[in-house]
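Participant: From first to last, the protein sequence lines are chains L and P. Add 18 to a position in the first sequence, counting from 1, and you land on the number used in the working numbering. Add 1 to a position in the second sequence, counting from 1, and you land on the number used in the working numbering.
For the record, the hints were derived by calculation from the structure and aren't laboratory data. Mixed in with the good hints there might be a few duds.
[Stated by the list, open to error] Which bits of chain P does chain L cover? Going by a derived footprint, with three or more residues having C-beta under 8 angstroms, they are:
id, segment
1, 206-220
2, 224-236
3, 258-264
[Unchecked claim] Each pair of labels, with its calculated beta carbon distance range:
id, chain 1, residue 1, chain 2, residue 2, range
4, L, 80, P, 296, 52 to 62 angstroms
5, L, 138, P, 245, 45 to 55 angstroms
6, L, 158, P, 370, 25 to 35 angstroms
7, P, 203, L, 89, 28 to 38 angstroms
8, L, 177, P, 178, 35 to 45 angstroms
9, P, 178, L, 313, 32 to 42 angstroms
10, P, 90, L, 316, 55 to 65 angstroms
Beta carbons are placed, not taken as given, at the ideal position from N, Cα and C, and that holds for glycine.
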Amino acid sequence: METLLQQLLNGLVVGSVYALVALGYTMVYGILGLINFAHGEVLMVGALTALTVISTLMGIAPDTPPLLLLGVGLLAAMVVCMIVAFLMERLAYRKLRNAPRLAPLITAIGVSFLLQTLAMIVWGRNYHTFPQLISTTPMQPIEGVFINPIQITTIVASAVIMVGLVLLVTRTKLGRAMRATAENHRVASLMGVDVNKIIALTFVLGAALAAVAGVLFASNYGIAHYAMGFMPGLKAFTAAVLGGIGNLGGAMLGGIVLGLVEAVGAGYIEHLTFGFLNSSYQDIFAFVILGIVLIFRPTGLLGERVSDRA
Amino acid sequence: MKKTLVAIAIMGMGIGAASAADMVVKLGSVAPLTGSISHLGKDNENGARLAVEDANAKGIMIGGKKVKFELMGEDDQADPRTGTTVAQRLVDADVKGIVGHLNSGTTIPASRIYDQAGIPMISPSATNPKLTQQGYKAVFRTIANDVQQGSVVGNFAAKTLGGKKIAIIDDRTAYGQGLADETEKAAKAAGAQVVAREFTTDKATDFMAILTKIKAANPDVIMFGGMDAQAGPMVKQIKQLGITAKYITGDGGCSPEMIKLAGDAISSSVYCTMAGIPLDKMPGGKDFRDRFKKRFGADVQIYSPYAYDAAMAIIHAMEKSGSAEPSKYLAALKSESFPGVTGNIAFDEKGDIKEGAITVYQFKDGAWVAM
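With these hints in hand, go ahead and build the complete structure from the sequences.
Facilitator: Next up, the structure:
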């Protein structure tokens with residue numbers, strides 16, 4: 019029983035990060051129909067920026083309280099990621115907005131490589147130790163189940179941000195403009211919506227979420243590296259598709275479900291298949307679930323909008 | 002002096018091919034001399050150079066002729082393609098034996114070229130088992146391979162650490178999986194029970210799910226076959242899950258990097274292994290270090306004693322067989338057994354060093370300490 023609870027908890031932590039990143043994918047897809055494959059790299063840029071800022075600050079003022087350090091690092095990461103995403107949209111994607119769908123997709127893959135290589139030049143090839151400013155000392159709320167403050171922070175921060183985003187999209191004027199743009203660019207612009215601005219904002223907003231995800235991810239594992247964005251990016255994309263790409267609630271649900279499936283899959287796949295499969299199929303397990311869901315619900319768990327967009 | 006000259010002349014006449022001039026025998030040394038591990042490459046070359054100079058100073062006689070050895074030092078940049086180009090260049094230059102290369106990744110493709118040319122090669126540092134499993138007749142190494150390492154890891158976990166229940170994780174790379182498989186075999190042979198066999202990737206950072214599963218199996222020792230970038234965070238997560246098992250990993254995790262990445266989660270119950278033995282514990286280690294320092298003005302990095310022994314093995318075999326021709330001295334090289342700097346140098350039928358040494362390190366006071 020403790021094992022199952024622990025696995026669910028593990029899944030929830032990983033799933034929260036996936037969900038945050040998945041939101042970025044899904045927002046951009048919802049509004050542009052573009053799968054921004056470079057989104058995972060934004061997470062990496064966030065983590066490494068925070069690393070640089072935090073270690074510089076630690077060098078200058080070693081007495082700064084850890085939470086303030088983390089706050090400043092996070093803020094810097096968000097700002098840098100927002101700039102990166104803004105430039106990405108302005109320079110790489112805007113010109114291709116009316117091009118055949120394949121063109122921006124390939125461009126996105128190119129941008130992903132570009133960002134990775136740039137990060138390799140700036141931060142080097144080595145793995146960096148990311149300062150774990152929120153404690154990782156385990157606590158035992160239930161006998162045999164371990165959780166630590168950074169894991170709690172990850173789950174709570176993700177939940178708060180996601181609720182905030184949903185409120186933004188559903189309750190504000192800006193959110194209405196975003197939804198209108200997603201519905202139809204031309205009609206939205208006829209209604210007085212500055213479509214270019216809204217699209218840029220969507221990118222920037224997604225990047226801020228990815229920055230948070232990057233800092234949380236790096237704080238959890240205490241490691242940062244120029245190629246760290248690839249796997250979470252891929253998983254988050256999967257999560258977005260699982261939940262129904264283009265749908266905010268779907269991205270969150272998809273992220274959490276994927277995290278849980280992975281953890282429980284890795285833990286129990288051997289028992290479930292009577293020893294035929296083992297944890298080296300952890301990733302495949304997640305994709306099998308994705309396949310099954312898509313067979314019965316081609317638009318994902320919560321996806322409805324996608325059908326009239328595609 | 003005159004006496005020796007006469008003696009040489011007489012001996013020469015006895016064989017019937019007297020020659021006053023020294024015979025020149027070229028040996029090759031290949032290692033990365035540029036790039037990120039160039040310090041290790043230069044170290045290897047210097048090891049071989051010291052052996053050649055020692056042999057020249059001693060005045061080695063091969064087939065009755067006084068021989069002058071020359072070392073051709075080449076740079077393979079740790080790049081497989083450059084490695085094969087350089088190998089071909091050495092073959093064309095008619096070298097009689099090779100000390101090298103440094104990396105498994107360059108040694109394996111280059112070994113094919115040397116094999117086709119029939120030139121014996123001895124790597125002082127390539128540990129991938131595949132090198133000596135290709136069926137080549139003239140490929141050797143003076144360092145223990147990963148199979149031998151795995152058996153040490155398994156035995157250490159089961160016997161020294163007293164592990165009755167062992168959990169094994171690998172990263173599904175050729176290196177990690179090979180090491181883990183050998184560990185499993187050795188641990189089982191030593192009477193331990195492998196209670197969990199889990200897998201991750203060489204890109205993963207989250208191991209909570211597999212570690213939670215391992216925790217339920219309650220092992221005494223957790224073994225990981227993989228690199229420091231995974232081993233570091235893994236040690237952290239082991240602590241976060243309240244697992245108290247001891248932890249051991251191979252040379253991929255036996256780095257200062259690993260200590261940095263594991264942060265405050267690393268403790269004296271974390272171990273790692275590395276091929277070879279520390280210089281201080283080698284039979285000829287102290288003397289080698291002093292002479293090396295005096296000659297090159299640099300400290301021994303890691304593999305130069307193995308390069309020295311590799312070069313010496315070739316020279317010995319030539320001396321013993323009375324010929325510098327690869328086809329003639331190869332048999333002598335195969336049956337070689339002499340005390341080298343690093344230990345007794347003798348090869349098994351595949352070309353691996355017999356009794357290849359593996360050292361276990363324990364984490365202590367912020368560093369790896371040899372046990």
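Participant: If a hint holds in the structure, say so; if it does not, say that too.
Facilitator: Hints, verified against the model:
no.: 1; hint: 206-220; result: holds (count 9)
no.: 2; hint: 224-236; result: holds (count 4)
no.: 3; hint: 258-264; result: holds (count 4)
no.: 4; hint: 80(L) to 296(P): 52 to 62 angstroms; result: 45 angstroms, violated
no.: 5; hint: 138(L) to 245(P): 45 to 55 angstroms; result: 38 angstroms, violated
no.: 6; hint: 158(L) to 370(P): 25 to 35 angstroms; result: 33 angstroms, holds
no.: 7; hint: 203(P) to 89(L): 28 to 38 angstroms; result: 33 angstroms, holds
no.: 8; hint: 177(L) to 178(P): 35 to 45 angstroms; result: 39 angstroms, holds
no.: 9; hint: 178(P) to 313(L): 32 to 42 angstroms; result: 33 angstroms, holds
no.: 10; hint: 90(P) to 316(L): 55 to 65 angstroms; result: 60 angstroms, holds
In this structure, the hints that do not hold are numbers 4 and 5, in rising order.
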